[in-house]
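**Student:** Residue-level listing of the chains:
Number of protein chains: 2
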Amino acid sequence: MISQNIKSKLAGGSAIRKMFEEGNRLKALYGAENVFDFSIGNPDLEPPREVSEALRELADNPTPGMHGYMSNSGYESTRAAIAAKRSAESGLEINAGAVCMTVGAASGLNDILHSLLDTDDEVIVLAPFFMEYSNYIANHNGKTIIVDTGDDFMPDIDAISKAITPKTKAIIINSPNNPSGVIYGEEVLSSLNTMLKNQDHVIHVISDEPYIDLVYDGLTVPAALKYIDNLIICFSWSKSLSLPGERIGYTLVSPKNEDYEDLTAAIVLSNRILGSVNAPAIWQKVVERSLNAKVDVANYEYRRNLLYDNIIDAGFDAIKPSGALYIFMKTPEGLTDAEFSAICAKQNLLLVPGASFSRPGFCRLAFCVSEQTIRGSRRAFYAVAEELGLTARKEQ
Amino acid sequence: MISQNIKSKLAGGSAIRKMFEEGNRLKALYGAENVFDFSIGNPDLEPPREVSEALRELADNPTPGMHGYMSNSGYESTRAAIAAKRSAESGLEINAGAVCMTVGAASGLNDILHSLLDTDDEVIVLAPFFMEYSNYIANHNGKTIIVDTGDDFMPDIDAISKAITPKTKAIIINSPNNPSGVIYGEEVLSSLNTMLKNQDHVIHVISDEPYIDLVYDGLTVPAALKYIDNLIICFSWSKSLSLPGERIGYTLVSPKNEDYEDLTAAIVLSNRILGSVNAPAIWQKVVERSLNAKVDVANYEYRRNLLYDNIIDAGFDAIKPSGALYIFMKTPEGLTDAEFSAICAKQNLLLVPGASFSRPGFCRLAFCVSEQTIRGSRRAFYAVAEELGLTARKEQ
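From first to last, the protein sequence lines are chains A and B.
Quick note, the first sequence lines up with residues 35 to 430 if you use the numbering used here.
Quick note, the second sequence lines up with residues 35 to 430 if you use the numbering used here.
Since copy identity is lost for identical chains, a pair holds within one copy or between any two.
Within a straight-line C-alpha distance of at most 16 Å, the following computed EDC-like cross-link-like pairs (lysine to aspartate or glutamate) qualify:
no. : residue 1 : residue 2
1   : K41       : D293
2   : K41       : D296
3   : K364      : D186
Just so you know, the hints here were simulated from the structure itself, not pulled from any lab data.
In this text the structure is predicted, and so the values were computed from the model without any measurement.
Full structure from sequences and hints, please.
**Tutor:** Written out as structure tokens, the structure reads:
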């Protein structure tokens, strides 16, 4: 008597979640130190000092109404501070009305999709992609149209152009990318914008930016606001401030967006009627006071390097990720992802097959796990490589 | 280019929100002390001491991972504590698996409806009712079937029975009720259960219980768990602990529910894919430590009495509310609600016409406003009554 819709989703389950449970099973059998579980991307650094200080200050000095309702879009002061920061980054004049505080990026994406989609409207996503996008699009009766990226995981503008139909309402981009870790450059953003502006109707670009502060090698992420006109940003502090359990993020509509007035109003209404009502009050105040803080990114970079070296040294291939928390390693020739991950599992090495991101031929490894796990896994990578007859590039 | 769906909702707007804006306009014109705005039910008491102490303790003693992801259903310890409390209230054996922590009751209701509804499935609501129910049902492609209650605002079991079709998936009940303030007694809950169990298929009862702790005159609210088998509860601490801006609540499936296994799994999955992911971590910990606390209910009762006396003394009619935060006053004979509220507005007296709750012939007044506003409004009620030629029951 539950819905057919949810029943089929329950049957499907989540590959990542299953892997997580398999990890727990193996840990019980072999001891946690002998299981190398790279399946779940749970940001494991503590929030920066600014966050704990802001939280303590708010808790120690309660003010009347601080836990009460505010506008469905959130506190004006928080939104104005975000708008100012994004204005400075982009050179655009963005005001508080462009911003809606949301229950993390996931709720923000749902607000945006609810604002854009009628039944059977299409949203383009670029494989490999975070699979929840398909669920979010389906929530609002839309269709997910998957377009593959190139070998470098960069958007293929021609392929995207060919996938556009009169029903195409939006395209979701995600840079730094989960799972590939690539950062989209200025040129590809500009080309995407030019191609989209040449279409017969408005196609919005939804830029999902949870990893925008997690970049390595001294790189920076080009501001999508500078290059794309019909832009809607979706952000979360889950990774930047390591607050995934607290559910705080925002949406921002570019002032250059042709549907600016309608969209800003529709997103706030969606935030109300989809059930968030508003983002958690205290976390709006905390992030307002921590707007320039971020977690210890160098620590993630250090672990990325360790894990990447294991993979490459043992004889496997992967593009070194410039951002985010994952390495999307190539599955060795002649094996399916499932076969490869089964071989890895024999060495207690857990990774997520690329099918979970609509990109077979790869497996995802999250490097937000302990240094000990990464160091310990080196022998497992070498053991798998040996079984497959790969040639190591360095000594174990 | 935004969706037709959201466009029509934007055009409709919210009557309550409009009244709120009219209130602000009048306050700017006449001074806040001369405007008697009863339109918005924003809980205005501060949270009890237990809440601020728990929050301070958590903020002062950060522990690793306290802001990280947990299971999509929430912390096991929080859910177990809620299950124990509900077990004690109902005599049923409820375990933590029955409970899913949610981003307030609004997200909880959406999780439940997403779990139950396929396209065009029907959900019965009892007028007068909180109008967001219609939006929530529409979010999941369901149809709202409105059934009127009796003159006493109690469920009319025959009328409900007649409204049932093969498509009926659920009925939403809300006691203490917004807007009428009535509490459903044991008998009506039992009769509802018997009637529903006699149907050809399972019909779930969704009990929306945000006001369950706000009851007056020494009354208690019968536990729906005791009387209804196919029950799903939806709760929020927005009113009980005055935390509406923080978005914390839960769903609970009765162990007697025929779809218990499927439903508990479906709700957790819905909580993930609809975008909440999980309820805010810190608020789960706070409510766990404040489970037996509540706001100063006597203060609300005092203001209920003041406002009720104004209404009755001036010559109007209303059922005295036993719970919640509203008086649903009768519109005087011969006037539409819109006409009556326009006459009231001339005295700077703002209330919400019954149409907003699908029950014309009434207007809703929220008594969670300052004592000063309620006392000041007495002269406005008398002025309106005089204009309408009503006979006062007491001196002004």
